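K.L.:
So the protein sequences, as listed, match chains L and W.
Here our numbering = 1-based position in the first sequence + 1112.
Here our numbering = 1-based position in the second sequence + 237.
These are computed hints drawn from the structure, not numbers from a lab.
A quick note: this is a predicted structure, and the numbers were derived from the prediction, not measured.
Possibly wrong hints are sitting among the right ones.
[What the hints assert, rightly or not] Lysine to aspartate or glutamate pairs mimicking DMTMM-like chemistry, simulated, CA-CA at most 20 angstroms apart:
(1) 461/W / 502/W
(2) 1247/L / 408/W
(3) 461/W / 478/W
(4) 306/W / 1249/L
(5) 306/W / 1260/L
(6) 351/W / 1249/L
(7) 351/W / 1266/L
(8) 296/W / 1266/L
(9) 296/W / 460/W
(10) 249/W / 420/W
(11) 1350/L / 377/W
(12) 296/W / 317/W
(13) 1247/L / 407/W
(14) 249/W / 478/W
(15) 371/W / 401/W
(16) 351/W / 1260/L
[Claimed, not checked] According to the in silico footprint, chain L covers these stretches of chain W (three or more CB under 8 angstroms from chain L):
(17) 297-306
(18) 450-464
(19) 489-498
Cβ coordinates follow ideal geometry from the N, Cα and C atoms, glycine included.
Below are the chains, spelled out letter by letter.
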Amino acid sequence: MAIMIAIQMAVFLVLWTTSSFRLIPTPMEILKSLQSLIASQNLIYELWNSTWLCLKSLLIATIISLIISYATVIPFFKPIGYLISKFRFWTLVGLSFVFTLITHSGHELKVTLMVFGITVFFVTSMVSIIQSIPKYEFYHARTLRMNEWQVVWEVIILGRLDQVLEVIRQNFAIAWMMLTMVEGISRAEGGIGVLLLNNNKLLRLSDVFAIQLVILLMGIFLDYTIGKLREFFFPYSKLTLEK
Amino acid sequence: MAQYSYKDTILKVDNVNLTLGDKVILENVNAEVRDATRPGSVKGQIVGFLGPSGIGKTKLFEIMAGLLKPTSGNVYYGPDKEPAHPGCTGVVQQNYPLFMHRTVLGNLEIAAVKNYKNADERKTRIFSLLDRFKLRPYQDSYPAQLSGGQKQRVAIAQQLLCTDNFLLMDEPFSGLDINMVEEVSEMIVEIANMNEHNTIIIVSHDIVSTAAIADNLWLMGREKDKDGNPTSGSKIKYTFDLLERGLAWREDIRKIPEFTEMINEIRDLFHNL
Ligand SMILES: Nc1ncnc2c1ncn2[C@@H]1O[C@H](COP(=O)(O)OP(=O)(O)OP(=O)(O)O)[C@@H](O)[C@H]1O
Ligand SMILES: [Mg+2]
């Protein structure tokens, strides 16, 4: 597997460097851009800034989403879960105006937008996981003399905790995608998205590519980390899969 | 012939009806289990519950376990006629679900806390069951790492730790090799005979293995017209009292000609269920 990837990467790099299609910067140009971005435009700091924004929003959204999702097992709260999942189709652009009115700072605005964007997807996934739990699992818990609260705790919460991490992982990807857009809405605080937009406007193509590469690699790294966390905390979660 | 006599009714299925959508599944199901006693020894009850696939056996179990509300009718337990409610009986479900996020030991622990408050006593009981079911080497495995038969044994052990007198088993013999069928059969008899009021009801398609350990048999079926089309929901159409026939509580049961005759009788009845 590793060898296969290495070969594919090598072929790709050769094609890239020798390509006569001059619009795309070469790897060397990108490396040089990277160097100057770090030295003069504070790339590392902005990256940290954005990552922090993303993870903070993800954490808040996870807590809110789990509370809402778990609440939907009580019939009274079911419509709320349903409603929230419909908000996925509401674009952030118009919403940002409303949120500007109710938040006090650029940072708060960005966090609010991100949390909103993540929550609508998170709740959707979580509610569908909860609703697809087969009846016999509840029966099983009830025959063991658990009361309804214990049933919810054992079957819905503990029994599906490993899947929560998978949902977090998917929503991290959504959040990471939203990040540059949200940072564009409120630029005061900077962040890697702002860096990207500025260089894009100035048509510094190799800089733009360098930043995108950094965003891509950081995203992949964090995604991998969340995957590893799942394996670490929930060793049983992969046992039924083929690999 | 074994001496026996029937005492109190300890389980009663009283006119149970179940309609799902516009489909009548169960119609006027009546059945009872009476305390069978034998002078000088403790005898629990084992009922074999037979019937074709899709007839409604699992649904009746769910009703008896208090998990599913019947459209009408009742199920009572004990001499005090306590109505069925979740937890009143152990149920080993057809697909033997377990808590996938807990190890074998964890699964048994959580089942035992209600009945065994004392941690040492709990441990002793759990480990004796683990040994009994040859599960000791797997105590730290997750259910996903077990074979079908092993999972089933964990599921049985789990219910044994939790129930008082009643145990409903949906297909306890399916997916087991012949040694394991014998092992599980012996175990069922042993559990039944641990207390005079213990009652185990076994749904199975394995008529011989079931009849060999049962003292009563229920056959579920539907009324049919002349062309063999069902005209009603399912009910307990026939019952066999094996005590009366002298075919219960016997080790050598499979060698008795009358036993074979009865099995053939049941096989013939099956075509009309
Ligand atoms: N939700 C439902 N709506 C309508 N019919 C249902 C529903 N669930 C089950 N049934 C029907 O109820 C009948 C009885 O099902 P049940 O599972 O009790 O059968 P069974 O006797 O246990 O069969 P098997 O031996 O194959 O396990 C079946 O014919 C099934 O199609
Ligand atoms: Mg069934």
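K.L.:
Against this structure, judge whether each hint is valid.
P.N.:
The hints, checked one at a time:
Our distance criterion of 20 angstroms between C-alpha atoms is met by residue 461/W and residue 502/W, whose separation comes to about 19 angstroms. With a CA separation close to 18 angstroms, the supplied pair residue 1247/L and residue 408/W stays within the 20 angstroms bound. Between residue 461/W and residue 478/W the alpha-carbon distance is near 24 angstroms, which puts this suggested pair outside the 20 angstroms criterion. At roughly 17 angstroms between alpha-carbon atoms, residue 306/W and residue 1249/L fall within 20 angstroms of each other, so this suggested pair holds.
Under the criterion of a C-alpha separation no larger than 20 angstroms, the hint pairing residue 306/W with residue 1260/L is consistent with the structure, at around 16 angstroms. Among the hinted pairs, residue 351/W with residue 1249/L is consistent with the structure: their alpha-carbon atoms are about 19 angstroms apart, no more than 20 angstroms. For a cut-off of 20 angstroms, the pair hint linking residue 351/W to residue 1266/L stands: about 15 angstroms separates their Cα positions. Simply put, residue 296/W and residue 1266/L have alpha-carbon atoms about 24 angstroms apart, too far for the 20 angstroms limit, and the pair is violated.
Distance restraint check for residue 296/W and residue 460/W: the Cα-Cα separation of roughly 18 angstroms lies within the 20 angstroms cut-off, and the hinted pair is therefore satisfied. Between the alpha carbons of residue 249/W and residue 420/W the distance comes to roughly 29 angstroms, so the proposed pair goes past 20 angstroms and is violated. Note on residue 1350/L and residue 377/W: the hinted pairing holds, with a Cα-Cα distance of about 16 angstroms set against a maximum of 20 angstroms. Simply put, residue 296/W and residue 317/W have alpha-carbon atoms about 25 angstroms apart, too far for the 20 angstroms limit, and the pair is violated.
Note on residue 1247/L and residue 407/W: the hinted pairing holds, with a Cα-Cα distance of about 16 angstroms set against a maximum of 20 angstroms. Simply put, residue 249/W and residue 478/W have alpha-carbon atoms about 16 angstroms apart, close enough for the 20 angstroms limit, and the pair holds. The suggested pairing of residue 371/W with residue 401/W is violated, with an alpha-carbon distance near 23 angstroms, which exceeds 20 angstroms. Simply put, residue 351/W and residue 1260/L have alpha-carbon atoms about 15 angstroms apart, close enough for the 20 angstroms limit, and the pair holds.
Counting residues of the region 297-306 of chain W whose C-beta sits closer than 8 angstroms to any C-beta of chain L gives 3, which meets the bar of three, so the coverage hint holds. Counting residues of the region 450-464 of chain W whose C-beta lies closer than 8 angstroms to any C-beta of chain L gives 0; at least three are required, and the coverage claim is violated. For a cut-off of 8 angstroms, the count of residues in the region 489-498 of chain W with a CB near a CB of chain L stands at 0, and the three-residue condition is violated.
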